[in-house]
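Visitor: The chain contents come next:
8 protein chains.
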Amino acid sequence: MSIYKKVGIVMGSDNDYEIMVEAAKALREFDINFEMTVASAHRSPERAGTWARTARDRGLCTIIAGAGAAAHLAGVLAAETTLPVIAVPIDATALHGLDALLAMVQMPAGIPVATMAVGKAGARNAGLFAVQMLAVEDEELAARLSAFRKKMAHEVEAKAARLDARLKQDGLC
Amino acid sequence: MSIYKKVGIVMGSDNDYEIMVEAAKALREFDINFEMTVASAHRSPERAGTWARTARDRGLCTIIAGAGAAAHLAGVLAAETTLPVIAVPIDATALHGLDALLAMVQMPAGIPVATMAVGKAGARNAGLFAVQMLAVEDEELAARLSAFRKKMAHEVEAKAARLDARLKQDGLC
Amino acid sequence: MSIYKKVGIVMGSDNDYEIMVEAAKALREFDINFEMTVASAHRSPERAGTWARTARDRGLCTIIAGAGAAAHLAGVLAAETTLPVIAVPIDATALHGLDALLAMVQMPAGIPVATMAVGKAGARNAGLFAVQMLAVEDEELAARLSAFRKKMAHEVEAKAARLDARLKQDGLC
Amino acid sequence: MSIYKKVGIVMGSDNDYEIMVEAAKALREFDINFEMTVASAHRSPERAGTWARTARDRGLCTIIAGAGAAAHLAGVLAAETTLPVIAVPIDATALHGLDALLAMVQMPAGIPVATMAVGKAGARNAGLFAVQMLAVEDEELAARLSAFRKKMAHEVEAKAARLDARLKQDGLC
Amino acid sequence: MSIYKKVGIVMGSDNDYEIMVEAAKALREFDINFEMTVASAHRSPERAGTWARTARDRGLCTIIAGAGAAAHLAGVLAAETTLPVIAVPIDATALHGLDALLAMVQMPAGIPVATMAVGKAGARNAGLFAVQMLAVEDEELAARLSAFRKKMAHEVEAKAARLDARLKQDGLC
Amino acid sequence: MSIYKKVGIVMGSDNDYEIMVEAAKALREFDINFEMTVASAHRSPERAGTWARTARDRGLCTIIAGAGAAAHLAGVLAAETTLPVIAVPIDATALHGLDALLAMVQMPAGIPVATMAVGKAGARNAGLFAVQMLAVEDEELAARLSAFRKKMAHEVEAKAARLDARLKQDGLC
Amino acid sequence: MSIYKKVGIVMGSDNDYEIMVEAAKALREFDINFEMTVASAHRSPERAGTWARTARDRGLCTIIAGAGAAAHLAGVLAAETTLPVIAVPIDATALHGLDALLAMVQMPAGIPVATMAVGKAGARNAGLFAVQMLAVEDEELAARLSAFRKKMAHEVEAKAARLDARLKQDGLC
Amino acid sequence: MSIYKKVGIVMGSDNDYEIMVEAAKALREFDINFEMTVASAHRSPERAGTWARTARDRGLCTIIAGAGAAAHLAGVLAAETTLPVIAVPIDATALHGLDALLAMVQMPAGIPVATMAVGKAGARNAGLFAVQMLAVEDEELAARLSAFRKKMAHEVEAKAARLDARLKQDGLC
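Which chain is which? The protein sequence lines are A, B, C, D, E, F, G and H, in order. Quick note: the first sequence, position 61, residue 61 per the working numbering, numbers continuous. Quick note: the second sequence, position 136, residue 136 per the working numbering, numbers continuous. Quick note: the third sequence, position 97, residue 97 per the working numbering, numbers continuous. Quick note: the fourth sequence, position 155, residue 155 per the working numbering, numbers continuous. Quick note: the fifth sequence, position 74, residue 74 per the working numbering, numbers continuous. Quick note: the sixth sequence, position 109, residue 109 per the working numbering, numbers continuous. Quick note: the seventh sequence, position 82, residue 82 per the working numbering, numbers continuous. Quick note: the eighth sequence, position 135, residue 135 per the working numbering, numbers continuous.
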């Protein structure tokens, strides 16, 4: 069992689970605990507000909020806590996530929200960003992050190595 | 003094006054009372929530909310009241109000927000829309709206009449 | 049978039925009567104009207009009646509803149109917004809306409760 | 005095005059008569409709319509006449004419509107397009258009010739 | 056999045929002759230029040009003829036709191009616009256009009539 | 003198100083030390890389990176350190910061960048976000943040109180 | 075996292979050698930097870089070499390549990147552009390019010839 | 006097001079000769075509083309020569250069155009890109480019050094 503080993951709708689980997986890779829930800024404002206001006392160190459309969730939570809030815009409408992105990233001065990319990449990076925050003062975790980075770099090399086979298959070398 | 219910006008920042006063002026033209205040969804969430939750009991019949950037105000108020909420996106960032527009209009199913155009035209129309709502069951007010519409049509004719002079001045007829 | 006034739902093409029926369903949930028709601002301007001009006398209290592409329907109807007009932009072209959204929401000062989100969420919210307008002076309907809001909040809690099962299934807790 | 049929120029607001006068000037350069008026699709729908329905009988051969914001004017006129309608989107809102452009160009099948560029270039081209339509069966006018094209080409050459002076002035040759 | 002049339809690639045939069908409905070809502004500039320069002498009265991506075809043809050129932007890239639309509609002053909607609706309207141009001085064709408009209006009514059945099927009336 | 770790602020060009100084001011308000420098991902890649690679060892706890245009700075730094990197898109081109925003926020999975709003609001929020990160484990700082939030809420109330005077001045109450 | 210098093709992820192989195919058509690899600006910055810094010494004459999302690859390589760098934006996110396009094309003054179209057309053109660069001083290659252009023009004619069959099949001539 | 081949700079209008002179200045810094002219794809297609077709024989090694609006110039020139063509989109309309950018960068497969950033940065980079092309086989020029890059890096350092003074002036250190 991890000794780290817990990260809170919240999504506006359970339709967002397939996206937001990427944040959870990233945290799990680094043995960071998390709690995950659904809370809509619009359909359950009281729940969302209470969840945010009690987040620090529940031992959360940061909040990851994913939502689509007019995605107010991250901003609404950020207004109710001084914990860092990370936002994941979700492509849930005809406008392909541009609505959620702008509704999250363009926060007015005073209440910051840290926005990630639209969709799964953003959710995974939200998890990794939380790990990086925890690693600032945790040398062991920082070392694991460095190892993780090296592994990614090696995977790039491995992919590069496999290109030749594909080029041969396509008759290009 | 008017016998109509009151409209609530709220803006996210007093920087929005020059825009939102257009809503007030439209209401005044039809002798509709209003109250106007500043409440930020992000900087003063409690104030915004309380204002919305008590709006019906304070005798408000509709709420007009203007905000810029990641404009959550209208959605946040709409989540706390079943009164109709009209949104006015304000051009307050480098993205020229497209952020506020999408953050307001793309509300998820369940909590409607009625969005107007970006800026002064939208604010004026928010006021007029409130008048039109009140006029549904008020024949006298409906008659005043019809007269207002006729006056606008006449003004178009008057503008058309003045075009000839401009064309002559430009040597085009 | 309902004692409430009727809502008019109009769409630019019967291709829009699957979207616009969401408005009808929302009204039915609150026992609000409606009439639904097809009227194109472009292909049947006379029909659209007549329908709007007679709307108040036919007992309509508000109009919900859905259209795609250069969506002029809501604006054209709004120009012919002082009833409130609610617009639902529909994703019907390569531009994914951005065209319909801007063609509806950016109405010039004088003739308001209350725009909802693109697509089904917008259509459902158009119906709910009409209910909210009717509930301003109808305490019983307002109470039903409050109950509806509570039910939505409970559904959010139920969804949250089911998340644990999904996390277990994904081996994440 | 010209023997050609007349072109109708209509704008949604007299604020659009400085833009739309470019269409008039282009017509004048080719001695084409025009009538110019203001008619708002929203503020004066009856006037706009009547103007369009009687356009053919008044001897108009084509209609040039300029409007900004949710620019319905061209589509509304096109729905009421089988004369060709040319649209000029005007940059009149925070969205810089993108709203007017999409509201004009994305007309649904059945009612065509021929859209030009946003602003003055579009207005001038609307006038020139009307001239080109008239020149299809008018060899003398076609010859004048060819001469106009040659003149434009010569002006390009003249501008090119003046570049050297500017380069010298900037110490670049 | 038709006595009308011929319309030229040209597309940048035969991939565009399924879109551009809509223009041909519209012309056929009104017994207007057409010639249809492929000419790329980029891959076959000489062919495109020659085709445009000889268009008037070949008896064409107008040109309909469809293209996708950086759609230069319409502008390139328009630069080589004084015949009216109608442009149809085609959704052929990741940017969903916004690229083709802007590359066609934003023509600089001097060389007009009349742009229609992106895709099939635009292609059909291009054909209809050509018919409307021919009908300016052809009362019989104008009458057929009026009948066509009436038929469209009747179809709208027929669609409206069928809505009730769908509502019953969905249990909504 | 503060006992907190230091925040690094880096900008792509000294033209960005007026924007990025807002981050510095926010840090100063909470007595957080910072170092500020210029390092361009493109014009000085070695400097940028070295700065990022040594950041943790220099005692930085987080990095705030502001850049305009194809804003690669934040991503380039994030690739070289496991410290949290906060990005501030700057409106520095004809595309009004949309280029910088997308170039920063759309980071691929693996290397997170936490993006703030375009411009001054984003820079100030970047500073505040850094404070919030430091306050996760620092109760005194968390308390100061709570006080700061309360002060913002009071300022909203003060602004609201001043609205009446403006309404009177405008003759609206 | 070719006597020309080699072109380097690099992509941010092997997911981009299907797109980027189009560049390789174009080079092969002109017997230009290439090397192809994977190097991520973010996941393997050292690899990317080293690859770029040694590119000239390895005999590369130009670099083609394809990437999606916040596509920094081309800019990062360009910062490390004075060889010409050609960028291919890839549609890899919900924003359909607009993010990659702006992240590549909007390079600040000093470090040029030559951007092609989003996707396969862009990748093929990147290869052809490299050929055109090599052909500046190579008359034989220039002649082959001219022949290639003529072949494209003939293909356009062949496609045009086949249109008649399609029109007959559709009953349109 | 330089021994290098000449670069051709062409702009669609002399209004573009202030932008395009940046390309000339960049070439001058490296003693590359250039010729500069005005040629409009639309207003002077013959001139533009002839200029491009004869470019190679006139000793040009590459072409830099700047244009705004529906910017066809680069594509039109590229279709007429196998020399490399570099495009500079210019912000000349209400759409702020997005139109020119898409009209240039989205070239279909077969005819490449290398697009730079919108405006002055793009023009300067077009010149620098031409220098980089010439430097591929010219070691002395490559060395000068390397020195130029070093100078840019030093300027960044100098700017960084001056930041402290500004922070002191603002009372921030």
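Think of the hints as simulated: they come from the structure by calculation, not from any bench. Take the hints with a grain of salt, since some may be wrong.
Within a straight-line C-alpha distance of at most 27 Å, the following computed BS3-like cross-link-like pairs (lysine-lysine) qualify [unchecked claim]:
hint	chain 1	residue 1	chain 2	residue 2
1	C	6	E	5
2	A	6	C	159
3	A	159	A	25
4	F	151	F	120
5	G	6	H	5
6	F	5	F	150
7	B	150	B	120
8	F	5	H	168
9	A	6	F	6
10	E	159	C	25
11	H	168	F	25
12	H	168	D	159
All values derive from a computational prediction rather than experimental measurement.
Visitor: Tell me the numbers of any earlier hints that the structure contravenes, in ascending order.
Guide: The structure conflicts with hints 1 and 12, although it agrees with all the remaining ones.
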